[in-house]
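Novice: Given these sequences and hints, build the entire structure.
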Amino acid sequence: MADKMDDSDAFEKMLVLGLGLLAASVARKAASAVWTASTGRTPPSVEDDRGTATVVLLWGAAVGAAVGAARLIAQRQARSIARKRRG
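With my numbering applied, the sequence shown has no gaps in its numbers, which climb one by one up to 867 at the end.
Please keep in mind that the hints were generated in silico from the structure rather than gathered at the bench. Here the structure is a predicted model, which means the values were calculated and not measured. Take these hints with a grain of salt, some might be off.
Computed Cβ-Cβ distance ranges for the label pairs, DEER-style [said to hold, decoys possible]:
hint, residue 1, residue 2, range
1, A842, S788, 13 to 21 Å
2, R856, T834, 45 to 53 Å
3, G840, K793, 23 to 31 Å
4, G798, T832, 44 to 52 Å
5, K864, R821, 40 to 48 Å
6, A810, V835, 36 to 44 Å
7, R808, R859, 17 to 25 Å
8, G844, M794, 23 to 31 Å
Cβ coordinates follow ideal geometry from the N, Cα and C atoms, glycine included.
Specialist: So this is what it looks like as structure tokens:
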């Protein structure tokens, strides 16, 4: 019985990690696309000096909020899936 719980816990952890990473990646790409569509410019990056501090902070806040929300939703769904699988 203990082995089954360990396998189930490992499955849940892997699912939470995998879906969280996938959601973060998709959210970052989506935020980048929205930024480009709304401003007509690519998002600021570390290697790029062209953005003002305000623009860089806005980008950081936007992408941080998008990634954080996406990871939260994905991880909650992953836990729900794992619990249903457990029975």
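Novice: Checking each numbered hint in turn, tell me which of them this model violates, lowest number first.
Specialist: Of the numbered hints, 1, 2, 4 and 6 do not hold.
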